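Number of protein chains: 2
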Amino acid sequence: MKRSVVGVEIERLIQLLARLPGLGPRSARRAALHLVKNREKLLQPLGAALGDVLDKVSECRVCGNVDVVNPCTLCSDPRRDTTQICVVEEVADLWALERASAISGVYHVLGGTLSAIDGIRPEDLRIAELVQRVTTGGVKEVMIAVNATVDGQTTAHYIMDQLAENNVKVTRLAHGVPVGGELDYLDEGTLAAAVKARRSL
Amino acid sequence: MKRSVVGVEIERLIQLLARLPGLGPRSARRAALHLVKNREKLLQPLGAALGDVLDKVSECRVCGNVDVVNPCTLCSDPRRDTTQICVVEEVADLWALERASAISGVYHVLGGTLSAIDGIRPEDLRIAELVQRVTTGGVKEVMIAVNATVDGQTTAHYIMDQLAENNVKVTRLAHGVPVGGELDYLDEGTLAAAVKARRSL
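Chains as they are written, first to last, in my numbering: chain A, 1 to 201; chain B, 1001 to 1201.
One chain only, chain A, in its complex shape (with noise of 0.2 Å):
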């Protein structure tokens, strides 16, 4: 801003909601002012969340999700089948797996992907973590949930790489066709590796 027609106040809102993402600068500017104009509603009871999420929320030292307790939920809930690991990206990954309640083991989050470019190296992720897991006992089946990308195909193989010494069953998620998909928006790629993968009805 040229002027500065908003108070230091409201400037470093709009500075601190820009960097989350899916905020650019302009609708920062709205969210701030939509803020403002909502104090009891909105404003107000904000503050009080982070707050709340400041104190309360952690990473679970297991897995490394999010959770207001440690272990979190998941790696405490005794039905859950502690012998299948459940290695993903990211703590979103995880809600997206729960919401489809997909998976009945539990999870590791590694906490991205390897990356050459971006200079992600293993010590950077916690593998050395799910390695430990896998070998203090007990686990059969690491099932592999990363990103069908590059680096994480990358991250997939060297994983794999560092529990081939371990006697434990190793899998990735099937690719395909999406369900619900239709065939003529699909990539080649996801089309071959369709094909090759059919079932017999």
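It is possible that part of the hints are untrue.
One side of the interface only, derived from the structure: several residues of chain B facing chain A at Cβ under 7 Å [to be verified]: (1) Ala1018; (2) Arg1019; (3) Leu1023; (4) Ser1027; (5) Ala1031; (6) Val1036; (7) Gln1044; (8) Pro1045; (9) Leu1046; (10) Lys1056; (11) Val1057; (12) Val1068; (13) Asn1070; (14) Val1091.
Just so you know, the hints here were simulated from the structure itself, not pulled from any lab data. A quick note: this is a predicted structure, and the numbers were derived from the prediction, not measured. C-beta: ideal position from N, C-alpha, C; glycine also.
Could you slot chain B onto chain A? The hints should help.
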């Protein structure tokens, strides 16, 4: 979410973030996760910034702008021409005009537009306050800078009627081709207005 993987604290944060303009349920989840992952660098400062704004920022009793001082910086600026009042719908419009350094006078924020559909009546807007400011004297021009929408124009005409008895010049922003705009992409209404208001070179 079918099964609640996230604690009530994070769930509440997601719900509040989803009420910000520009963030849907999905991006609110991503934003919440981003906050949790960046406790020191983002979550804590954002909470503090919200508290600051809550404590210090209020609506200017003269023009309706939001600021840490009341009357606001613009209303108290002696270099501002108080004989010219620029009427806008929202504070965001005021900020936009200030960024353009387009107004040398002072502002009056209506807080919206008249709308039969949304049930917004003249008494829901700061129109009486505007008439009061004009009646109290010294104002030579009221520039109505509402949006060029149907509701905006309805509001402009209503304000013009309310000010008819006062000896004050009422103006509106020019319609025309946006600077840098290509004719091919403009609607017929704008083009017709631009031709009608053509100027000799």
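Here is what the structure says about each hint:
| no. | hint | result |
| --- | --- | --- |
| 1 | Ala1018 | 11 Å, violated |
| 2 | Arg1019 | 6 Å, holds |
| 3 | Leu1023 | 6 Å, holds |
| 4 | Ser1027 | 4 Å, holds |
| 5 | Ala1031 | 4 Å, holds |
| 6 | Val1036 | 5 Å, holds |
| 7 | Gln1044 | 6 Å, holds |
| 8 | Pro1045 | 6 Å, holds |
| 9 | Leu1046 | 5 Å, holds |
| 10 | Lys1056 | 5 Å, holds |
| 11 | Val1057 | 6 Å, holds |
| 12 | Val1068 | 4 Å, holds |
| 13 | Asn1070 | 11 Å, violated |
| 14 | Val1091 | 6 Å, holds |
Taken one by one, the earlier hints fail for this structure at numbers 1 and 13, listed in ascending order.
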